[in-house]
Amino acid sequence: VFLAITAMIVLVVFMKTSEFGKRTVDSVLLGAPVAGPILRNFHLTRVARTISTLLAAGIQLKEALEIVRDLTSSHKWEALIKHMDDTIDAGRPISDAVLSTTLIQSSFGHMIAAGERSGQLENALERVADVSEEQFEDAVATGTQLIEPAMIVLMGAIIGSVAVALLLPIFTMGKTMAG
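Going by the working numbering, the sequence shown wraps up at 179, each residue one higher than the last.
What the hints contain is simulated information worked out from the structure, not anything from laboratory work.
Just so we're clear, the structure is a prediction, and the values are computed from it rather than from any experiment.
Just so it is clear, CB atoms sit at the ideal spot from N, CA and C, and this is done for glycine as well.
Be careful, since some hints might not be right.
Stated by the list, open to error - With a straight-line cut-off of 25 Å between C-alpha atoms, the simulated DSS-like cross-links for lysine-lysine are:
id : residue 1 : residue 2
1  : K76       : K16
2  : K62       : K76
3  : K82       : K62
Claimed, not checked - Beta-carbon label-pair distances, calculated as ranges:
id : residue 1 : residue 2 : range
4  : L167      : S18       : 30 to 38 Å
5  : V1        : G156      : 23 to 31 Å
6  : M155      : Q60       : 52 to 60 Å
7  : A165      : L11       : 52 to 60 Å
8  : I170      : H75       : 29 to 37 Å
9  : G156      : K22       : 48 to 56 Å
10 : K82       : L166      : 56 to 64 Å
My request is simple: use the sequences and hints to build the entire structure.
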């Protein structure tokens, strides 16, 4: 038992401190059925709103991407923002990078492309952030609804275990006295 606990502690420390561990945890969380949509929409809302705000303040897009890349905690989102930066360096629109990833829904990529073509990128990003925030809230509500039954079953199991633990000695004493 001690060896298993020690191994778990070492594994947790390794996953939190190593680059491989951080990337693995990031991939698992973003691909998870309940947590994935929540995290993707959270990051998209944060990135789109921040870039939109920076563009509205007069910051150039390349500089805004560098600022946002430093703010993100997800390795996959950091790589996507780097890809966006490289796309701009290559002279292509940022929407090319957005449309080539699975982290962002294609409808958002098309909204960004329309914003680029019309010269209203900051407004398009703000709209993307608004819609993504709504989806984030819906995903959190759905996740909560999925967790509630599991919590009820877990609480029932805990209460049942406590009840059995309390009553078992009484029944055992009764059998001993009767026997």
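Should the hint that A165 and L11 are 52 to 60 Å apart at their CB atoms be regarded as holding? violated (31 Å)
Outcome of range test on Cβ distance (I170, H75; 29 to 37 Å): For H75 against I170, whose Cβ atoms are near 55 Å apart, the range 29 to 37 Å is violated.
Taken at face value, is the distance from the CA of K76 to the CA of K62 at most 25 Å? holds (19 Å)
Is the hinted range of 52 to 60 Å satisfied by the C-beta distance from M155 to Q60? The hinted range 52 to 60 Å holds for M155 and Q60, with Cβ atoms some 54 Å apart.
Between the alpha carbons of K82 and K62, is the straight-line distance 25 Å or under? holds (10 Å)
Take a look at whether the Cβ-Cβ distance between L167 and S18 falls inside 30 to 38 Å. violated (48 Å)
Distance restraint between K76 and K16, which requires alpha-carbon spacing of 25 Å or less: holds (16 Å)
Do the Cβ positions of K82 and L166 conform to the proposed distance bound of 56 to 64 Å? Distance hint for K82, L166 holds at roughly 58 Å.
How does the Cβ-Cβ distance of G156 and K22 compare with 48 to 56 Å: does it lie in that range? Given range 48 to 56 Å: violated, Cβ gap about 36 Å.
Just tell me: holds or violated, for the beta carbon distance of V1 and G156 against 23 to 31 Å? For G156 against V1, whose Cβ atoms are near 27 Å apart, the range 23 to 31 Å holds.
In summary, the numbered hints that this structure violates are 4, 7, 8, 9.
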